[in-house]
Amino acid sequence: MGYPLNPNVYDDDVKQEPIRAGFGRGLKAAGEANDNVVALCADLTDSTKMSDFKEAFPQRFIEMGVAEQNLVTVASGLARAGKIPFTSSYAAFSPGRNWEQIRTTIALNDMPVKIIGSHAGVSVGPDGATHQMLEDLALMRALPNMIVLAPGDSVEAEKATRAIAENGKPSYMRLAREKTPIFSTDDAPFEVGKAYVLREGHDVTLLGTGTMTYQLLLTAKKLETEGIHAEVVHVPTIKPLDEAAILASVHKTGRAITAEEAQINGGFGGAIAELLSEKLPTPLLRIGMQDRFGESGSPDELLEHFGFGHESITKKAKVFIDSVPRYHQAF
Amino acid sequence: MDGQLTVVQLKQKANDIRQDIIRMLEEAGSGHSAGPLGLADILTALYFNILKIDPKNPEWSERDLFFLSNGHTVPVQYAAMAERGYFPVGELQTLRKFGSRLQGHPERTKLPGLENTSGPLGSGLSQAAGYAYSLQYLDNAKHRFVYVVTGDGELNEGNIWEAAMFAGKYKLSQLIVFIDRNNIQIDGSTEDIMPLEDLRGKWESFGWHVQEIDGHNIESIIDAAAMGRAITNRPSVIISHTIPGKGVDFMEYDYKWHGMPPNSEQAKEALMKLRTLDGKITSGDFA
Numbered sequence: 000m001g002y003p004l005n006p007n008v009y010d011d012d013v014k015q016e017p018i019r020a021g022f023g024r025g026l027k028a029a030g031e032a033n034d035n036v037v038a039l040c041a042d043l044t045d046s047t048k049m050s051d052f053k054e055a056f057p058q059r060f061i062e063m064g065v066a067e068q069n070l071v072t073v074a075s076g077l078a079r080a081g082k083i084p085f086t087s088s089y090a091a092f093s094p095g096r097n098w099e100q101i102r103t104t105i106a107l108n109d110m111p112v113k114i115i116g117s118h119a120g121v122s123v124g125p126d127g128a129t130h131q132m133l134e135d136l137a138l139m140r141a142l143p144n145m146i147v148l149a150p151g152d153s154v155e156a157e158k159a160t161r162a163i164a165e166n167g168k169p170s171y172m173r174l175a176r177e178k179t180p181i182f183s184t185d186d187a188p189f190e191v192g193k194a195y196v197l198r199e200g201h202d203v204t205l206l207g208t209g210t211m212t213y214q215l216l217l218t219a220k221k222l223e224t225e226g227i228h229a230e231v232v233h234v235p236t237i238k239p240l241d242e243a244a245i246l247a248s249v250h251k252t253g254r255a256i257t258a259e260e261a262q263i264n265g266g267f268g269g270a271i272a273e274l275l276s277e278k279l280p281t282p283l284l285r286i287g288m289q290d291r292f293g294e295s296g297s298p299d300e301l302l303e304h305f306g307f308g309h310e311s312i313t314k315k316a317k318v319f320i321d322s323v324p325r326y327h328q329a330f
Numbered sequence: 000m001d002g003q004l005t006v007v008q009l010k011q012k013a014n015d016i017r018q019d020i021i022r023m024l025e026e027a028g029s030g031h032s033a034g035p036l037g038l039a040d041i042l043t044a045l046y047f048n049i050l051k052i053d054p055k056n057p058e059w060s061e062r063d064l065f066f067l068s069n070g071h072t073v074p075v076q077y078a079a080m081a082e083r084g085y086f087p088v089g090e091l092q093t094l095r096k097f098g099s100r101l102q103g104h105p106e107r108t109k110l111p112g113l114e115n116t117s118g119p120l121g122s123g124l125s126q127a128a129g130y131a132y133s134l135q136y137l138d139n140a141k142h143r144f145v146y147v148v149t150g151d152g153e154l155n156e157g158n159i160w161e162a163a164m165f166a167g168k169y170k171l172s173q174l175i176v177f178i179d180r181n182n183i184q185i186d187g188s189t190e191d192i193m194p195l196e197d198l199r200g201k202w203e204s205f206g207w208h209v210q211e212i213d214g215h216n217i218e219s220i221i222d223a224a225a226m227g228r229a230i231t232n233r234p235s236v237i238i239s240h241t242i243p244g245k246g247v248d249f250m251e252y253d254y255k256w257h258g259m260p261p262n263s264e265q266a267k268e269a270l271m272k273l274r275t276l277d278g279k280i281t282s283g284d285f286a
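Sequence lines, in order, name chains A and B.
Read in order, the letters of the first sequence correspond to residues 0 to 330 in numbering that gives the first Met the number 0.
Read in order, the letters of the second sequence correspond to residues 0 to 286 in numbering that gives the first Met the number 0.
Partial chain B-side listing against chain A, Cβ under 8 Å, derived:
no.	residue
1	Glu114
2	Tyr132
3	Ser133
Read the hints as simulated data drawn from the structure, not as lab findings.
Glycine residues also receive a C-beta, built at the ideal position from the N, C-alpha and C atoms.
Model the full structure from these sequences, guided by the hints.
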């Protein structure tokens, strides 16, 4: 049984919704399912979509003010008291501002605090580089005990939110501000730690996380018209990686391309590079921010400029496929 | 606790804990001396009088909580916990050693009875505030209290003042904080490095009830905690004036002992001085 993709995923008028909206619904549902779920926000309740939960459970919502260090450490204390705290802010501030507090009082302390970093990536747009968080995946992936997620659309974000509410572990989930096309469906599977083959192929594996998976689907469709059969693997859990699923796909195709709206150094592409170089050395191309900061502009302008769009990825993919051998020819 | 210790017995217990600290630090060969010695009276009062706890059942659901925010002073907490029966006193000699539950800075997951993991300064107060918020607003557990010890150098950290603002806003009346006001930090005197005064005024302006006590006077410590519990509309802070290195004259008041352990000769001398205090405590000569 293949992954049940949204049948309209390749249409121009595919349904779109901000990933954070799915988080908002998921948090409210998690709160309905478990009285211990509490929510803390650093003065961005509407932006991060904690407002649904706040409205439903005002007694379990805690306004923290613009104090991200306190946000996560108070959450650690609440977790010690048996609660399941979700914290939210922009990713640039949490985990950007408060990484050490997360490291010591949540990761090392092994407290099931859920850190929600919204407005990640360059698609934040006009706010500029200060607010375009691109290093969060690298920061959080480096922490022992930490689960790291970047759901690909709002439908999946809702499922992911409910899943981490009950996983008993420190968890980070990144969200995006802009509307993202919905590729998954209510019936699509989601499990923390699992990667999903969205489209089968044998010439190259396209590994996507977060907002970039949709772009890879369009890339694969375009490549198909040119006789290149790309396999698209969606990796919403960056840590722990679904090594078996990723290696199985790459073993078949012999080439890999990663895509993330984050720095290529240390993030998702870094994780795949580590995995492949240790277990299945394979020619690899990492699509992502190329070790530089973003700037102000409209989301579309920036995605285009920095090469995150499917047209740009398709071009790079063709050059890559033409110029590198498959792994079993290379070694 | 059952069979409450008298004030004289508490003073003797504090002196035992000081001797434990000297022996632990000598054996470890690294660690902080001044802070733990200075906090011995407060930790003794907490573990042997103030806290409602059960050493045989560290996760007892009705317990009071103790959060050490300045984790580098943990030798005094380990010594107090061992003397109170959480684990054998002999285990104190494993401090900072490979495989020990007594990590150089406290780790909750390693040792039952610890409520938090601390070391990097400034975040213990927030963790305690989170717990106190839960007791007051989510658990309807008004009879349980959350106690915290912070350093004074630690108050340089912005995270502390975020927590102070938070606890003030939510009037976390079950939160009671002892500040170890010993006036030293690693680089020198607190007022030279980054002045804290007017410390009372700062906390009052954040909405806290403030007391100032002699942090070596066991009765004052117990009374101040009782006052903190009686204040039901604000969090409480107890500025506890202490002498760094208290009890070992060549360490007292000297910031150089902040981050240094005694060598074996110094330890021998320190233990001798502390043992002579035992007699004075019994005869009432040592306040």
